[in-house]
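Chains as they are written, first to last, in the numbering used here: chain A, 101 to 541; chain B, 101 to 541.
Think of the hints as simulated: they come from the structure by calculation, not from any bench. Possibly wrong hints are sitting among the right ones.
Dumping the calculated DSS-like pairs for lysine-lysine here, alpha-carbon to alpha-carbon at most 27 Å [stated by the list, open to error]:
{"id": "1", "chain 1": "A", "residue 1": "194", "chain 2": "B", "residue 2": "224"}
{"id": "2", "chain 1": "A", "residue 1": "281", "chain 2": "B", "residue 2": "391"}
{"id": "3", "chain 1": "B", "residue 1": "194", "chain 2": "A", "residue 2": "194"}
{"id": "4", "chain 1": "A", "residue 1": "390", "chain 2": "A", "residue 2": "447"}
{"id": "5", "chain 1": "A", "residue 1": "224", "chain 2": "B", "residue 2": "391"}
{"id": "6", "chain 1": "B", "residue 1": "390", "chain 2": "A", "residue 2": "281"}
{"id": "7", "chain 1": "B", "residue 1": "224", "chain 2": "A", "residue 2": "224"}
{"id": "8", "chain 1": "B", "residue 1": "281", "chain 2": "A", "residue 2": "390"}
{"id": "9", "chain 1": "A", "residue 1": "358", "chain 2": "A", "residue 2": "266"}
{"id": "10", "chain 1": "A", "residue 1": "391", "chain 2": "B", "residue 2": "281"}
Quick caveat: nothing in here was measured; it's all calculated off a predicted structure.
Protein chains: 2
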Amino acid sequence: MGAPRKLVLGAFLQTPSQHTAGWRHPRADAEASLDIDAQIAFARTAERGLFHAIFIADTLPFPMVLDPEVLSFSSRVVDFEPMTLLSALSVATKHIGLVATLSTTYFEPYAVARQFASLDHLSKGRAGWNVVTSSNGAEALNHSRDRHPEHSRRYEQAIEFVDIVKGLWDSWDDDAFVFDKASGRFFLPAHLNVLNHVSERYRVRGPLPVARPPQGYPVIVQAGSSDAGRAAAAGFADVVFTAQSDLAGAVDFYTDMKSRAAAVGRNPDHLLILPGVTPVVAPTRAEAEKKYRELQELIHPVAGMAMLSAAAGTDLSGFSPEDRLPPLPETNGDKTRQALLVEHAQKTGKSIRELYRWLASGYNTVVGTPADIADQFEEWLDSRAADGFNVRFSSLPNDLDDFVELVIPELQRRGLFHRAYEGTTLRESLGLPRPQSRYES
Amino acid sequence: MGAPRKLVLGAFLQTPSQHTAGWRHPRADAEASLDIDAQIAFARTAERGLFHAIFIADTLPFPMVLDPEVLSFSSRVVDFEPMTLLSALSVATKHIGLVATLSTTYFEPYAVARQFASLDHLSKGRAGWNVVTSSNGAEALNHSRDRHPEHSRRYEQAIEFVDIVKGLWDSWDDDAFVFDKASGRFFLPAHLNVLNHVSERYRVRGPLPVARPPQGYPVIVQAGSSDAGRAAAAGFADVVFTAQSDLAGAVDFYTDMKSRAAAVGRNPDHLLILPGVTPVVAPTRAEAEKKYRELQELIHPVAGMAMLSAAAGTDLSGFSPEDRLPPLPETNGDKTRQALLVEHAQKTGKSIRELYRWLASGYNTVVGTPADIADQFEEWLDSRAADGFNVRFSSLPNDLDDFVELVIPELQRRGLFHRAYEGTTLRESLGLPRPQSRYES
Chain A
101 MGAPRKLVLG AFLQTPSQHT AGWRHPRADA EASLDIDAQI AFARTAERGL FHAIFIADTL
161 PFPMVLDPEV LSFSSRVVDF EPMTLLSALS VATKHIGLVA TLSTTYFEPY AVARQFASLD
221 HLSKGRAGWN VVTSSNGAEA LNHSRDRHPE HSRRYEQAIE FVDIVKGLWD SWDDDAFVFD
281 KASGRFFLPA HLNVLNHVSE RYRVRGPLPV ARPPQGYPVI VQAGSSDAGR AAAAGFADVV
341 FTAQSDLAGA VDFYTDMKSR AAAVGRNPDH LLILPGVTPV VAPTRAEAEK KYRELQELIH
401 PVAGMAMLSA AAGTDLSGFS PEDRLPPLPE TNGDKTRQAL LVEHAQKTGK SIRELYRWLA
461 SGYNTVVGTP ADIADQFEEW LDSRAADGFN VRFSSLPNDL DDFVELVIPE LQRRGLFHRA
521 YEGTTLRESL GLPRPQSRYE S
Chain B
101 MGAPRKLVLG AFLQTPSQHT AGWRHPRADA EASLDIDAQI AFARTAERGL FHAIFIADTL
161 PFPMVLDPEV LSFSSRVVDF EPMTLLSALS VATKHIGLVA TLSTTYFEPY AVARQFASLD
221 HLSKGRAGWN VVTSSNGAEA LNHSRDRHPE HSRRYEQAIE FVDIVKGLWD SWDDDAFVFD
281 KASGRFFLPA HLNVLNHVSE RYRVRGPLPV ARPPQGYPVI VQAGSSDAGR AAAAGFADVV
341 FTAQSDLAGA VDFYTDMKSR AAAVGRNPDH LLILPGVTPV VAPTRAEAEK KYRELQELIH
401 PVAGMAMLSA AAGTDLSGFS PEDRLPPLPE TNGDKTRQAL LVEHAQKTGK SIRELYRWLA
461 SGYNTVVGTP ADIADQFEEW LDSRAADGFN VRFSSLPNDL DDFVELVIPE LQRRGLFHRA
521 YEGTTLRESL GLPRPQSRYE S
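Work the whole structure out from these sequences, hints included.
What follows is the structure, encoded as structure tokens:
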């Protein structure tokens, strides 16, 4: 056997805070969402901590029925648009990967291919695309559509969409451009490839007006955990995010995804599985538990109830925080999230207040010392439940700062985490091969 | 009367070169198009020269019928996507405006509003949007459409589109966000505005997940010079780009646009008219003329013919460089460009080679000393033919460097150009008021 496996860590940066009350913490920067100086500071801290990548979720916070009074207790209502933010961060960082979420349901493949290819060139090979199919029906209301497409159709569309985008990224061979001042020849004509994609859904000719990305293709990330989501990820993803609340479930998911990858002829090592985790860390357990308790008590009941309603896919504001969760109607939104909620409520018998506090904390919160956090990471890595984690921070910058100061050194001491970035691109840092062009023989 | 009027100057940065052969110049950086370090250097030179803004055209270089052999002599085939590039430049510059071109024909108003609002926050108030309706039918082929929309319908759509975008920018009042940690209130509910736009063409609910832009609205630029384009610009634009080849025509255009603005109830001083100009400058006239001649001789006949075909809206490759321009079929593309070409050909009797050399040089090339360039700028400003210029550079970085070294000091010496940026936003630098929200009483 060679060296022990090392963890891949992503920093999931949601501003002003992942936890609904995180922005109210005394050390939190409540105004960070549209402050580029704050965002640059977060990204540089994550880079100092050698996180492989920053992940930016897409803010789609607005429920189908808007109630401004309820919404006004939510901090996740405005932020930078992901592609513009990561482009700005690309020149303020040097090594860290930059992963943005973009929906295949409401954009055109040509536009998506072009912006990600551009970001990959801007960052010299550090771009990643988190492919989502949009679980939020409210998006349809902003895109001149009457209805959100049905769940399984969205995945069919996503698979075709990613295939078109990859085809467009191959528009120019890696060695197409010669810039020959003497002859006047800018590129070699035989190295231009025209996609000519035609289907019922899409007609995209190409070529893309961007050279092949430095990584060949930016890293593809996928987070759906339904059967359709898993099948899609096994086919096209390099990295899978997943919400797992316990080790046994995480092992099942990991095993399933690796075997799905093998079944479609891929090397399972080239599909990285990163469960989400929310560490609440302090030098002692007592301090960590106090920190967690204080955070949970900061949740405003109106915000808590709104969050629970969103996860449930139905309005629960008529219930009291002391009530139990009622039976829920079937959702056309995020089925995985609803199922996780129902399962947890049944298993624990929690009240609505306890449920929104559980939701607010994230599905896999680890409260403890740096050694406690490292113990769980090590256990999941050794149990083949994870190749690493997508780390979420209750509050920014404080929880990110604490993680980099306290947990990263402990992981490095145990030989579980790198001490420098490997290579120059995100693919190299993740140990993933550079994909060949479909036109290469 | 107060101080003399001062010029507004935009730096129109097309990489690797505005002139089709510019990249072949010995001092040119032929590889700049996808090199962020080169782009940052250009932007910083423009900022050192106190240009009010950088303008980025959208690369839509691919003709309806692709001939890779012909295309391979063209340098304008790949570059950064404009929104991602300007986002990157926003953190590498401090004062200069950042104007990107985006089409109202192939994007959704919600996505456009969101990215420009984000860029305005990233740049702390320096974003501008050059609204185009897309003259290139080849775009339809990449967006699952069979046909490019007809010319006048595109402008109707653009007017509605801009109105929706402005409505989305007003989603949050300027003082909406209170970030109140004590009460848990993030924003004031009465200061959220939901657009609810419904028409045959668009249904957009809002709100935008971005706070109101620092400038209220990013600066709106328009460049169409047809009657429909002028009417649209008089209604919604802050800045108009225009292709004018002589003083008399420029005065007519300027007068027409200012009176159109007044006719719709606007202050004509708040609609800035910037004709394009391509200076070829050197310390002496003989040097400048030599520089120009050498550049024109670098045009490869295949590239020249392709450029002329694009402007003509029809394939001219069957003709010889010695031939005269044949009668042209009506175009559904850029009518203004075709009409300018036909008028110039008729007036001058030029051969096809002379015509593509004329096209390559830009419609308003001024060859001479710094004093010659300043003379023309001063004459156009004093004659009310221009409020300033959109300056094009045959070759980068050399022509930008020469302009900043030689022409800017001459303009400043004459009191025609500022010696420092006024204010902090692009609107302040241009002397334009900050627009009120439509919801403000």
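Taking the numbered hints from earlier one at a time, note which ones the structure violates and give those numbers from smallest to largest. Failing hint: just 5.
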